[in-house]
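Here is what each chain is made of, one letter per residue.
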Amino acid sequence: MSIDWQSFRLTVELALVVSAVLVVVGLPLAYWIAFSRWRWKFLVEATVALPIVLPPTVLGFYVLVALGSQSPLGRWWQSFTGHTLAFTFTGLVIGSILYSLPFAVQPFSAAFASVDRKVLAASATLGASPVRTFFRIVIPLSVPGLITGVVLAFAHTMGEFGVVLMIGGNIPGVTRTVSIDIYDQVQASNYAAANATALLLLVFCFAVLTAVYGLNRTTPKLWTMGPVK
Amino acid sequence: MPTPEPEKLADPTLTAIVRKSFAVAKRGFCLDVEFSAAPGFTVLFGPSGSGKTTLLDCVAGLTTPGAGRIVAGERVLFDADSQVNIPVAKRGVGYVFQDLALFPHLTVEQNAEYGMAHLPRSQRKNQAAAMLQELRIDHLRQQRPAEISGGERQRVALARALLSDPCVLLLDEPLAALDAMTKAKIIDDLRRWNQAHGIPILYVTHSRDEVIALGERVIVLQDGHIIARGTPHQVLSAPHQETVAQLAGFENIFDATVWLVHEDRGTMTCRLPGGQAGVFVLLETPLIRAEQGSHVRVGIRAGDILLALRKPEGLSARNVIAGQLLSVERRDMMISARVNCGVEMEVHLTLASRDALHLMPGGEVWLVIKTYSCHLMQR
Chain A
393 MSIDWQSFRL TVELALVVSA VLVVVGLPLA YWIAFSRWRW KFLVEATVAL
443 PIVLPPTVLG FYVLVALGSQ SPLGRWWQSF TGHTLAFTFT GLVIGSILYS
493 LPFAVQPFSA AFASVDRKVL AASATLGASP VRTFFRIVIP LSVPGLITGV
543 VLAFAHTMGE FGVVLMIGGN IPGVTRTVSI DIYDQVQASN YAAANATALL
593 LLVFCFAVLT AVYGLNRTTP KLWTMGPVK
Chain B
32 MPTPEPEKLA DPTLTAIVRK SFAVAKRGFC LDVEFSAAPG FTVLFGPSGS
82 GKTTLLDCVA GLTTPGAGRI VAGERVLFDA DSQVNIPVAK RGVGYVFQDL
132 ALFPHLTVEQ NAEYGMAHLP RSQRKNQAAA MLQELRIDHL RQQRPAEISG
182 GERQRVALAR ALLSDPCVLL LDEPLAALDA MTKAKIIDDL RRWNQAHGIP
232 ILYVTHSRDE VIALGERVIV LQDGHIIARG TPHQVLSAPH QETVAQLAGF
282 ENIFDATVWL VHEDRGTMTC RLPGGQAGVF VLLETPLIRA EQGSHVRVGI
332 RAGDILLALR KPEGLSARNV IAGQLLSVER RDMMISARVN CGVEMEVHLT
382 LASRDALHLM PGGEVWLVIK TYSCHLMQR
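Same order as they appear, the protein sequences are chains A and B. So the first sequence is residues 393 to 621, counted in our numbering. So the second sequence is residues 32 to 410, counted in our numbering.
Note that these hints are calculated values from the structure, not bench results. Keep in mind that a hint or two might mislead.
[As the list claims (entries may be wrong)] Here's a subset of chain A near chain B, in silico, CB distances under 10 Å, partners left out:
(1) SER521
(2) PRO522
(3) ILE529
Bear in mind the structure is a predicted one, so any value in this text is a computation, not a measurement. A virtual CB, placed ideally from N, CA and C, is assigned to each residue, including glycine.
Work out the full structure, taking the sequences as your base and the hints as a guide.
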């Protein structure tokens with residue numbers, strides 16, 4: 393009836409890996425969404441936002457099918473590693489990345505889009521390549537939005553249930569996350585254990601969000617221009 | 032079709048033929064200009080919406096013209112025919128934006144050095160330090176744009192653009208928000224800088240005073256077209272088109288008839304038709320070569336008219352006209368009064384004179400206008 397630290401550690405690990413991957417994948421995607429003038433861009437935006445409204449079981453089901461040994465991706469992975477992606481930590485990471493994608497990409501692209509275009513133009517007239525402009529101007533001016541995106545992705549992955557259940561099942565130390573653990577405890581009528589774990593998750597998530605929003609409060613003000621004196 | 036100019040080496044002159052159409056809400060706008068700018072200041076003058084900023088954006092590469100050709104010295108920056116369109120970052124065009132667009136998260140020093148990434152660090156530091164010192168902002172090196180004054184920001188933006196070693200400099204109303212003293216200083220700094228560099232500087236403004244202060248050459252833009260070019264004196268003092276007249280600050284423009292010609296005195300009397308039948312105003316104006324009874328146009332700046340509460344006597348001014356105040360409006364730090372004296376005239380005065388004279392709509396006033404404040408134009 394104690395807290396299942398193994399599943400807690402696994403969940404934090406999953407959330408960290410997913411957040412890290414979403415930074416790498418999400419930044420270019422968000423940049424493209426914020427600055428592309430492609431006429432069909434809205435299709436990409438809708439696809440990225442889909443996991444927000446899609447029931448996690450639906451997403452989990454399709455990811456499971458896609459990762460399974462019947463699909464080309466699953467077969468390719470199997471020929472490569474000798475086992476399927478389903479019911480592994482890697483499979484869980486892939487599912488969670490898709491599931492949390494909009495929670496990272498939308499704040500990222502909103503932050504990029506709110507960077508003053510004149511400032512970007514100024515960077516270009518001073519000879520800066522788009523890559524230099526991105527790292528020297530766009531990223532620093534988007535820091536609050538980037539932090540928000542990473543934290544939302546992290547917190548969202550911490551608490552996911554449906555996708556994990558569909559893809560990962562319930563293998564202790566491999567795919568058994570905190571929310572699955574809580575569900576199990578409740579099913580077994582171990583309310584005290586469920587409460588302890590749930591409370592831990594609640595406090596942890598609240599602490600992370602508080603720290604981030606507290607920090608976020610001070611940074612952007614320094615950078616805003618006052619009226620011309 | 033634009034014909035290619037002969038390209039001389041080491042001549043930094045900017046030549047631009049720019050055509051660009053926009054479908055702006057409900058009305059179309061078409062920019063269609065052709066000019067060249069030799070090293071030194073070329074002032075682009077015109078009301079807002081005349082296409083000045085769009086033209087600068089085309090030269091900088093931020094906007095792509097529909098047709099035309101832009102050449103800076105020996106470098107073709109844009110040519111619609113041969114599909115040359117050098118990207119913004121490779122054009123080497125310095126641009127000081129109207130709202131400056133400083134990098135808010137970088138210090139003054141980092142802002143200044145931004146365009147020098149290709150130089151070694153020590154050289155960057157030295158050049159930036161020298162420029163900041165020259166512009167008297169070296170004590171602000173570690174400040175961020177939000178922490179310094181408007182005038183200081185203007186100088187940072189200028190330093191940043193100059194340090195990128197541009198082949199053309201574009202300035203979009205860079206001094207609009209500054210007082211006359213600061214303005215004059217920055218213009219001096221720019222002149223000094225350009226004596227060594229000798230690049231074309233396109234300077235956008237809608238301030239008549241700046242045109243006169245800067246002016247070597249002025250190009251007047253209106254609705255996307257060049258309607259006049261020349262020295263400030265040619266363009267402003269002897270306006271030959273009404274649009275230029277309005278731009279040049281003639282708030283009062285009247286159609287008039289030459290009533291009497293006083294060749295011996297060097298003046299004429301012109302008749303302005305009044306609003307009511309049989310009412311007219313006579314104005315003594317400088318003499319131009321015009322027949323009695325011919326039609327002319329008279330422009331009078333609102334700031335050149337004096338207001339008096341009683342009929343003034345013993346003045347050199349030849350035109351003293353009675354009228355009635357229609358309205359007294361405050362515009363920023365200035366008062367704009369409308370006076371009906373047979374015709375309606377706009378008069379500008381200071382807040383202090385309004386208060387000293389207790390000007391109220393409906394009050395009787397006298398307008399005093401010097402002969403040489405009446406500018407005659409062809410109709």
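Classify the hint on PRO522/A as holds or violated, based on whether any CB of chain B lies nearer than 10 Å to its CB.
8 Å, holds
Evaluation of the interface hint that places SER521/A against chain B, nearest CB under 10 Å:
This interface hint holds because 6 Å falls under the 10 Å limit.
Given a cut of 10 Å on the nearest C-beta pair, is the interface hint for ILE529/A held or broken against chain B?
6 Å, holds
Of the numbered hints stated above, none is contradicted by the structure.
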